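K.L.:
Below are the chains, spelled out letter by letter.
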Amino acid sequence: MELNSYQQEALNYQRPNIEKFGKRNWFFAIFFGLWVLAGLYALYLQIAKGHGVTGMRDNVVWGLFIVNFIFFIGLSYAGAIIAGVLHLLNVPWGKPIVRLAQMMTVISVIVGPVFILLCVGRFDRLWHLFVYPRIQSPMTWDVMAVVTFLVGAVLLLYLALVKDFAVYRDAKLNVPKWRQKLYAFFANGYRGGASQKKHLIVSQNLLSIIMIPLSIVVASILSWIFGMTLRPGWHSTIFGPYFVLGALFSGIGVLIVAMWVYRRMYKLEKYFTDKHFINLGYIMMILAAGYGYFTFSEYFTSWFGSEKWDNDVIHKLFSLSEYGWWTLFANVAGIVLPILIVAIPATRKPKWITLSAFIMVFALWVKRYLIIVPTLETPAIPMQDTRMEYVKYSATWPEWVLTFAGIATFLLFFTLISKFVTVVPITGLEDPNAIKQQESAPAKTGM
Amino acid sequence: MKQDEMNDKSRRNFLKNTAIAAVAATACGSLACSCSSKKESAGKVKLLSPDGEIVEIDSAYLNHQEHMAIVSKLEAREGIAGKKFVMVVDLALCKNARKCITACQKWHYRPEETEWLTVKLMKDSEKAAPYWFPKQCFHCDNPPCVKVCPVDATYKRQDGLVLIDNERCIGCKFCMAACPYSTRVFNWDEPELTVDIRNLVSNPETNIPAKVGTVEKCDFCPDRAREGLLPPCVEACPNGVFYFGDENEDTVTNGSETVSFSQLIKDRAAYRFLEELGTKPRVYYLPPKDRQFPVERGYEDLDSNIKERFKYIMEPDQKKS
Chain G
1 MELNSYQQEA LNYQRPNIEK FGKRNWFFAI FFGLWVLAGL YALYLQIAKG
51 HGVTGMRDNV VWGLFIVNFI FFIGLSYAGA IIAGVLHLLN VPWGKPIVRL
101 AQMMTVISVI VGPVFILLCV GRFDRLWHLF VYPRIQSPMT WDVMAVVTFL
151 VGAVLLLYLA LVKDFAVYRD AKLNVPKWRQ KLYAFFANGY RGGASQKKHL
201 IVSQNLLSII MIPLSIVVAS ILSWIFGMTL RPGWHSTIFG PYFVLGALFS
251 GIGVLIVAMW VYRRMYKLEK YFTDKHFINL GYIMMILAAG YGYFTFSEYF
301 TSWFGSEKWD NDVIHKLFSL SEYGWWTLFA NVAGIVLPIL IVAIPATRKP
351 KWITLSAFIM VFALWVKRYL IIVPTLETPA IPMQDTRMEY VKYSATWPEW
401 VLTFAGIATF LLFFTLISKF VTVVPITGLE DPNAIKQQES APAKTGM
Chain S
448 MKQDEMNDKS RRNFLKNTAI AAVAATACGS LACSCSSKKE SAGKVKLLSP
498 DGEIVEIDSA YLNHQEHMAI VSKLEAREGI AGKKFVMVVD LALCKNARKC
548 ITACQKWHYR PEETEWLTVK LMKDSEKAAP YWFPKQCFHC DNPPCVKVCP
598 VDATYKRQDG LVLIDNERCI GCKFCMAACP YSTRVFNWDE PELTVDIRNL
648 VSNPETNIPA KVGTVEKCDF CPDRAREGLL PPCVEACPNG VFYFGDENED
698 TVTNGSETVS FSQLIKDRAA YRFLEELGTK PRVYYLPPKD RQFPVERGYE
748 DLDSNIKERF KYIMEPDQKK S
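As given, the protein sequences belong to chains G and S, one line each in that order. For the first sequence, this note's numbering gives the first residue as 1, with consecutive numbering after it. For the second sequence, this note's numbering gives the first residue as 448, with consecutive numbering after it.
Derived by calculation from the structure, the hints in this document are not laboratory data. Keep in mind the model is a prediction, meaning the values are calculated, not measured. One or more hints might be untrue.
[To be verified] Below, computed lysine-lysine pairings styled on BS3-like, alpha-carbon distance capped at 25 Å:
#: 1; chain 1: G; residue 1: K392; chain 2: S; residue 2: K493
#: 2; chain 1: S; residue 1: K727; chain 2: G; residue 2: K308
#: 3; chain 1: S; residue 1: K546; chain 2: S; residue 2: K493
#: 4; chain 1: S; residue 1: K574; chain 2: G; residue 2: K49
#: 5; chain 1: G; residue 1: K163; chain 2: G; residue 2: K197
#: 6; chain 1: G; residue 1: K197; chain 2: G; residue 2: K20
#: 7; chain 1: S; residue 1: K574; chain 2: S; residue 2: K736
#: 8; chain 1: G; residue 1: K392; chain 2: G; residue 2: K267
#: 9; chain 1: S; residue 1: K736; chain 2: S; residue 2: K713
#: 10; chain 1: S; residue 1: K727; chain 2: S; residue 2: K493
#: 11; chain 1: G; residue 1: K23; chain 2: G; residue 2: K95
#: 12; chain 1: S; residue 1: K736; chain 2: S; residue 2: K594
#: 13; chain 1: G; residue 1: K308; chain 2: S; residue 2: K570
#: 14; chain 1: S; residue 1: K758; chain 2: G; residue 2: K308
#: 15; chain 1: S; residue 1: K754; chain 2: G; residue 2: K49
#: 16; chain 1: G; residue 1: K392; chain 2: S; residue 2: K603
#: 17; chain 1: G; residue 1: K392; chain 2: S; residue 2: K754
#: 18; chain 1: S; residue 1: K713; chain 2: S; residue 2: K727
#: 19; chain 1: S; residue 1: K658; chain 2: S; residue 2: K754
#: 20; chain 1: G; residue 1: K270; chain 2: G; residue 2: K198
#: 21; chain 1: S; residue 1: K574; chain 2: S; residue 2: K754
#: 22; chain 1: G; residue 1: K267; chain 2: G; residue 2: K419
#: 23; chain 1: G; residue 1: K49; chain 2: G; residue 2: K23
#: 24; chain 1: G; residue 1: K95; chain 2: G; residue 2: K351
#: 25; chain 1: S; residue 1: K574; chain 2: S; residue 2: K542
#: 26; chain 1: S; residue 1: K758; chain 2: G; residue 2: K392
#: 27; chain 1: S; residue 1: K567; chain 2: G; residue 2: K308
#: 28; chain 1: G; residue 1: K23; chain 2: G; residue 2: K419
#: 29; chain 1: G; residue 1: K308; chain 2: S; residue 2: K658
#: 30; chain 1: S; residue 1: K530; chain 2: S; residue 2: K603
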């Protein structure tokens, strides 16, 4: 594989990151690994003792698990859209972060569905989904959509990696034999010939074009699991686009945080520049405004129309003795804060943008909780149950442990992948100075 | 050659043995079913008496009601030909005697906490008078639960019933989220099964035995309907609140009187609960006009924990203090 000097430099710079597994990496890997083990224990309890160990009951039939499902799956759709747009529009500054977005896509589409499986009472019958599918059910649509998306996301990440694998293969990295063999295997004989180049770019383009609308379809289908039911706070025409936007929004947040962490950890200031934070910050601000607009029109129409059932949910959300404080937090920290941080020049710095993105991501997780639980706590027929756990949902420790185990799995994947491939793609990179020169002399290109 | 012969012989023996074993197993199965009621003292069984008391009886003395699946799973999906089951609930007659609930739990072998049939205390608006509201599954003609089931475990039959195959259900609970009437219940933990039903083969018409991690609900007792019997809730009600019958025949009965379905819902201005949702329930309610009992009659003598459910309506002042 031929590399230009800029790419060669990027390779040499990142070489130690994938060659060495330092103490800090071990610490993180073990820490996350322990959480995963704790999660497996909670999972064992849930399977052995039944779903009674969770806080879910007949009224609130879904809890933290489905919140996590929406959250992670949302990240993956966002990753696919961001990576797809950056790739197709050939945005020069976007090159170093495309891989990050694609990694996020694949990791979260692996972690996310685990959480929907945790909602299923009978693991042993999952195959029924494929043997007796009812095409009418949004759940069936979701199964098909997520499986398709998973395949697409893995393929796209792989295609984007082929050239880099060839680079790692040829670079004679100081890594164990099995890893060198693995690089060679994944490089799949890529030598950079004209025909190989052409096929690779065509398939990458095609897949990117497919993945963008697919993400929108899949995010909408996810929303329809809720939107298609006759329940206040769910049964809303806005739900499809609302979820698409919410997914993108939280995805940008996680991308910013991931960029910041890798920049610190692997000293990638040269590739993840302040400009990246500011550009993504702008996108985050626009999405925050859009999300705020959707949230407002959702609440406002419900409240203004004041149908009894709708109003019950709105009341729950805004009454300070119920979910009021959380609603306030989700909307201030999730919408107002990122807008202000990016809008004010003094705080438009990587540090502050990352902090606001981090808080926003948490706020959006809370927002998903507020979409799911209060609605389930508001059935049309009065609950009139003496068993408090049937009336009000409160998550139990196995649910929390599994939640943290999910987050730990997500982070563990990020830790391990960054030790196997470079976080900043080598072959996709273009020298920013060269780009500038081209831009300043457009006449030369013969347009 | 010899080797082949040997193989052949052993295969024949194997087949023969298998056949014998299969026959024996079937025979044992049926024997076990027919004998269990007479044979040895099979241990004490806790039962709910019709008065709602828990009594302990030696299961040998029990006259077992057969809960065998009478029909195949395929038939259980099609329904009883020519029927269109319907129920009418007379709210003017209900005094929350709760006999329907215990009878239902007894027939379906459900524990006390599991109420397929439940009685709610409704108060439609601030000034409105509260009334007792018994609620089964509405067996909607446009059932939101059936639409969302990803594996076709819950389905609509030609006789109007919505049933669940608890051997196909994967327990995703989507149907529970989709049902606007909170009809469905979930087996969160391994259900406690009495000895006599533990080994029965489950059928969508009986859903016995219950299975952990699956959804269940009121099924209008189609196994009884096949034998010309009324659901236990209808039979147990001391006030004749429930009228059960066939829309095609245009007759419903509460056990003591049999009336014309169309005439009844016309004369008494029947309505369906939350008609505006478009689910087209098969249960009709007769408004609580000219009530036979004051609402307090169903409240005063309740167990304290059940009383607790309705306190916020019956004693709103106390709740505040």
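K.L.:
Hint by hint, note whether the structure agrees.
P.N.:
To see whether the hints hold, each was checked on the structure:
1. A C-alpha spacing of about 31 Å is found between K392 of chain G and K493 of chain S, which places the hinted pair above 25 Å, so the restraint is violated.
2. Between K727 of chain S and K308 of chain G the CA atoms are separated by roughly 21 Å; this keeps the pair inside 25 Å, and the hint holds.
3. Pair hint K546 of chain S plus K493 of chain S holds up; C-alpha atoms about 18 Å apart against a cutoff of 25 Å.
4. With a CA separation close to 46 Å, the supplied pair K574 of chain S and K49 of chain G exceeds the 25 Å bound.
5. Distance check on the hinted pair: K163 of chain G and K197 of chain G sit about 9 Å apart at the alpha-carbon level, within 25 Å; holds.
6. For the proposed pair K197 of chain G and K20 of chain G, the alpha carbon gap of about 31 Å is over 25 Å, so the pair is violated.
7. Using a Cα cut-off of 25 Å, the hinted pair K574 of chain S and K736 of chain S holds, with the two alpha carbons roughly 16 Å apart.
8. Proposed proximity of K392 of chain G and K267 of chain G is contradicted: the alpha carbons are some 47 Å apart, above 25 Å.
9. The suggested pairing of K736 of chain S with K713 of chain S holds, with an alpha-carbon distance near 14 Å, which does not exceed 25 Å.
10. Between K727 of chain S and K493 of chain S, the direct Cα distance comes to roughly 39 Å. Violation of the 25 Å bound is thereby established for this hinted pair.
11. Using a Cα cut-off of 25 Å, the hinted pair K23 of chain G and K95 of chain G is violated, with the two alpha carbons roughly 30 Å apart.
12. Pair hint K736 of chain S plus K594 of chain S does not hold up; C-alpha atoms about 35 Å apart against a cutoff of 25 Å.
13. Under the criterion of a C-alpha separation no larger than 25 Å, the hint pairing K308 of chain G with K570 of chain S is consistent with the structure, at around 14 Å.
14. For the proposed pair K758 of chain S and K308 of chain G, the alpha carbon gap of about 22 Å is at most 25 Å, so the pair holds.
15. A C-alpha spacing of about 31 Å is found between K754 of chain S and K49 of chain G, which places the hinted pair above 25 Å, so the restraint is violated.
16. Between K392 of chain G and K603 of chain S, the direct Cα distance comes to roughly 31 Å. Violation of the 25 Å bound is thereby established for this hinted pair.
17. At roughly 19 Å between alpha-carbon atoms, K392 of chain G and K754 of chain S fall within 25 Å of each other, so this suggested pair holds.
18. Of the pairs offered as hints, the one joining K713 of chain S and K727 of chain S holds, with about 17 Å between alpha carbons and a cut-off of 25 Å not exceeded.
19. The suggested pairing of K658 of chain S with K754 of chain S is violated, with an alpha-carbon distance near 30 Å, which exceeds 25 Å.
20. Between K270 of chain G and K198 of chain G the alpha-carbon distance is near 30 Å, which puts this suggested pair outside the 25 Å criterion.
21. Taking the CA atoms of K574 of chain S and K754 of chain S, the gap is about 22 Å. The hint holds against a cut of 25 Å.
22. A hinted pair counts as satisfied when its Cα atoms are at most 25 Å apart, and K267 of chain G with K419 of chain G qualifies at roughly 14 Å.
23. Note on K49 of chain G and K23 of chain G: the hinted pairing is violated, with a Cα-Cα distance of about 39 Å set against a maximum of 25 Å.
24. Between the alpha carbons of K95 of chain G and K351 of chain G the distance comes to roughly 22 Å, so the proposed pair stays at or under 25 Å and holds.
25. The suggested pairing of K574 of chain S with K542 of chain S holds, with an alpha-carbon distance near 20 Å, which does not exceed 25 Å.
26. Between the alpha carbons of K758 of chain S and K392 of chain G the distance comes to roughly 18 Å, so the proposed pair stays at or under 25 Å and holds.
27. The straight-line distance between the Cα atoms of K567 of chain S and K308 of chain G is roughly 19 Å, inside the 25 Å bound, and the hint therefore holds.
28. Restraint check for K23 of chain G and K419 of chain G: satisfied, since their Cα atoms lie roughly 13 Å apart, inside the 25 Å limit.
29. Distance check on the hinted pair: K308 of chain G and K658 of chain S sit about 37 Å apart at the alpha-carbon level, beyond 25 Å; violated.
30. With a C-alpha separation of about 13 Å, the suggested pairing of K530 of chain S with K603 of chain S holds against the 25 Å cut-off.
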